[in-house]
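Turn these sequences into a full structure, and let the hints guide you.
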Amino acid sequence: MPPLLEVKDLKTYFYTQSGVVKAVDGVSFSLEDGEILGLVGESGSGKSVSALSIMRLVSDPPGKIISGEVKFMGEDLLKLNKDEMRSIRGHKISMIFQEPMTSLNPVLTIGKQLTEAIELHLKVDKQAARDRAAKLLESVGISDSNRRLDDFPHQFSGGMRQRVMIAMGMSCNPKLIIADEPTTALDVTIQAQVLEVLKSMVANTNTAVIVITHNLGVVARYADRVNVMYAGKIIETAKATELYANPRHPYTIGLLKSVPRLDEPKKDKLVPIEGQPPDLTNLPAGCSFRSRCPYAFEKCAVETPPLLQVGDNHFSACWADVRKAVPAKK
Amino acid sequence: MTQQRTSPSSTKSTDNLLIQVQGLKMYFPVNAGLIIQKKIADIKAVDGVSFDIMKGETMGLVGESGCGKTTTGRCILMLYRPTAGEIKYEGVDITKLKNSELRPLRRKMQIIFQDPYGSLNPRMNAGAIIGEPIVIHKLIKSKAEYRERVESLLSEVGLNPYMSDRYPHEFSGGQRQRIGVARALAVEPQFIVCDEPVSALDVSIQAQVINLLEELQDRRKLTYLFIAHDLSVVRHISDRVCVMYLGKAVELTDRNTLYENPLHPYTKALLSAVPIPDPEVESKRERIILTGDVPSPLNPPPGCNFHTRCPIAIDICKSVIPEWREKDPGHWVACHRV
Ligand SMILES: Nc1ncnc2c1ncn2[C@@H]1O[C@H](COP(=O)(O)OP(=O)(O)OP(=O)(O)O)[C@@H](O)[C@H]1O
Ligand SMILES: Nc1ncnc2c1ncn2[C@@H]1O[C@H](COP(=O)(O)OP(=O)(O)OP(=O)(O)O)[C@@H](O)[C@H]1O
Ligand SMILES: [Mg+2]
Ligand SMILES: [Mg+2]
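Which chain is which? The protein sequence lines are C and A, in order.
Letter by letter, the first sequence follows residues 1 to 330 of the working numbering.
Letter by letter, the second sequence follows residues 1 to 338 of the working numbering.
Be careful, since some hints might not be right.
Result set (DSSO-like, lysine-lysine): computed pairs, CA atoms no more than 27 angstroms apart in a straight line [to be verified]:
id : chain 1 : residue 1 : chain 2 : residue 2
1  : C       : Lys92     : C       : Lys175
2  : A       : Lys284    : C       : Lys199
3  : C       : Lys266    : A       : Lys55
4  : A       : Lys39     : A       : Lys55
5  : C       : Lys199    : A       : Lys98
6  : A       : Lys327    : A       : Lys138
7  : A       : Lys284    : C       : Lys257
8  : A       : Lys98     : C       : Lys266
9  : A       : Lys268    : C       : Lys257
10 : A       : Lys25     : C       : Lys269
11 : A       : Lys284    : A       : Lys25
12 : C       : Lys267    : A       : Lys55
13 : C       : Lys267    : C       : Lys299
14 : A       : Lys25     : C       : Lys267
15 : C       : Lys92     : C       : Lys135
16 : C       : Lys267    : C       : Lys324
17 : A       : Lys284    : C       : Lys239
18 : C       : Lys267    : A       : Lys221
19 : C       : Lys299    : C       : Lys11
20 : C       : Lys267    : A       : Lys98
21 : A       : Lys268    : C       : Lys266
22 : A       : Lys284    : C       : Lys266
Which chain C residues face chain A? A few, computed with CB under 10 angstroms, are given here [as the list claims (entries may be wrong)]:
id : residue
23 : Gln193
24 : Ala203
25 : Ala220
26 : Thr241
Note that these hints are calculated values from the structure, not bench results.
Cβ coordinates follow ideal geometry from the N, Cα and C atoms, glycine included.
What follows is the structure, encoded as structure tokens:
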């Protein structure tokens, strides 16, 4: 059976005054039913644009998907017309954004917003849609759900609104949910509450999830597999347990070393990744991480490393073998 | 409450104390009415907080959004006039001072803000931003001395002196935060409130700024109040940590005790909610998931204000405010159940 989602050599560029931004530059990955994929990487590395490209929501102009395939349940989404794409969005694939207040309509009740999509996509009558909406609210931990359907978004707290977004994302039995920083704006205790709800819901329905986050802890807790992005490319991918135990790309290693851990007493000094994130309009030849990389050598300046297999289901885009090479001291 | 102190041992002398906060309250009035504004309620942003900060230490301040961390920090700097309580700086209660008497003190206490984008004037270049406080406080005699000071500050925070002609939008987030640090250092302060100094930065850049703050502390013998909601960062940088909930301090102790032996149920929940970047560890961890939402500081619950979300609350918690007491030497907590 083909995977649920198969992205092949996706490229999305932005044509701006300061030049061409290669936001997503040859991304390939696949996803099975029920799998939770974590997408991590520096700010500006192309995580959101990857997600928006899959949903065909990149603003054009200035953005353009210039090549690639996005096969979803065997069908290339990039070849669908607008109407066909609209019926996929919010039904078979749904997206949860970081800012619930901007994605909820402030003048419509929560109930209205939930039932509209249910009536449209599941083709049920008003009462059945309302019953389903109430059940969904309950399942994301909002009590007294039947009455709360008549409330407006501003009557809910930030954490509750984010849970409403999850309910909405789940409302039409999607096969895939893309959650872009779903809890970044929330406090840790509320974040835990929201993510636990999401996790148990997708486990019950075998829904696949792509979760975009900069929080390495969230990925460790929830993801089955992880893609690490840098400057528009996936530079490492592996099962979560493997990636954390045995990271192979110098950027991934740097990322894991630079965060302090709650469960460890103070180490002397954090080990930061030196230098600045790259300018996507003006990427150097070769590997785009090389100017910050302690393992870089001549070849890295000449040839861009492809994803190379380094273990079971584990790929890393690096010419150096970090297990043998000695990092340069700055 | 009586004159209890929160230094590690109550018997210690007060010589090494830089700041003593006692019963601090900061209420913001809520007004209503179109023409004649009338106060209808108070937001109890900070509602009776006491702690000390010793010279050269980093005191971490954590808690959820809106619990009063920033307000506490701003009160200590006397950017707000507190509603009640005292704040002693080297033994002097600064809440009693007139503005003119505060001025020389203001130089000793600085703040670094969360938002490296919003907190720098976009029309001033980096040099002018860093140099402004030097001019305001008249710390230099000549133009040449001014340039020298600005350049040495730039290199002290790891920026290149030639960058002093650049404007904020030409810097990355991490670089802008370094400019904010250099500006705070310009007047040679003793004490800096770091209000979420790395929260807006990319993970890969956060470590650079944290290391910088630690190096500067060593070199210049600085004292920090470090406000953050990332508990892992706070564990790394703080000597002691104070946990706040809805305007009140709920627990305070040294960092290792707090993380290894938390007493307050809120601290326990907060720590267990932080995911650890290690799938092996995560798969074995027990979690305490709190239910419900944080109540509003406009209308905090009676008794212990955590009782509405507390997994171990009993009757007394609903009516009696728990006392802030030193359960073990140096370990302060406000809970009926410990
Ligand atoms: N509408 C746009 N016009 C021009 N450039 C854009 C546009 N949207 C995104 N980009 C650029 O594309 C690149 C990738 O952006 P993207 O939003 O995918 O980053 P990200 O990995 O999601 O980062 P973050 O963690 O900050 O959300 C960035 O350099 C960004 O500036
Ligand atoms: N100037 C003000 N006027 C009125 N209310 C205020 C003012 N400043 C803060 N508040 C209120 O006081 C409470 C505490 O705010 P504060 O900014 O101290 O919280 P915080 O702990 O720093 O939160 P965060 O983590 O979101 O920065 C909040 O309810 C806030 O809305
Ligand atoms: Mg993004
Ligand atoms: Mg604050």
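Consistency of the hints with the structure:
no. : hint                : result
1   : C:Lys92 - C:Lys175  : 5 angstroms, holds
2   : A:Lys284 - C:Lys199 : 16 angstroms, holds
3   : C:Lys266 - A:Lys55  : 20 angstroms, holds
4   : A:Lys39 - A:Lys55   : 40 angstroms, violated
5   : C:Lys199 - A:Lys98  : 56 angstroms, violated
6   : A:Lys327 - A:Lys138 : 47 angstroms, violated
7   : A:Lys284 - C:Lys257 : 22 angstroms, holds
8   : A:Lys98 - C:Lys266  : 42 angstroms, violated
9   : A:Lys268 - C:Lys257 : 26 angstroms, holds
10  : A:Lys25 - C:Lys269  : 36 angstroms, violated
11  : A:Lys284 - A:Lys25  : 41 angstroms, violated
12  : C:Lys267 - A:Lys55  : 22 angstroms, holds
13  : C:Lys267 - C:Lys299 : 34 angstroms, violated
14  : A:Lys25 - C:Lys267  : 36 angstroms, violated
15  : C:Lys92 - C:Lys135  : 20 angstroms, holds
16  : C:Lys267 - C:Lys324 : 25 angstroms, holds
17  : A:Lys284 - C:Lys239 : 18 angstroms, holds
18  : C:Lys267 - A:Lys221 : 20 angstroms, holds
19  : C:Lys299 - C:Lys11  : 25 angstroms, holds
20  : C:Lys267 - A:Lys98  : 44 angstroms, violated
21  : A:Lys268 - C:Lys266 : 20 angstroms, holds
22  : A:Lys284 - C:Lys266 : 22 angstroms, holds
23  : Gln193              : 6 angstroms, holds
24  : Ala203              : 14 angstroms, violated
25  : Ala220              : 5 angstroms, holds
26  : Thr241              : 5 angstroms, holds
Checked against the numbered hints above, the structure breaks hints 4, 5, 6, 8, 10, 11, 13, 14, 20 and 24 and satisfies the rest.
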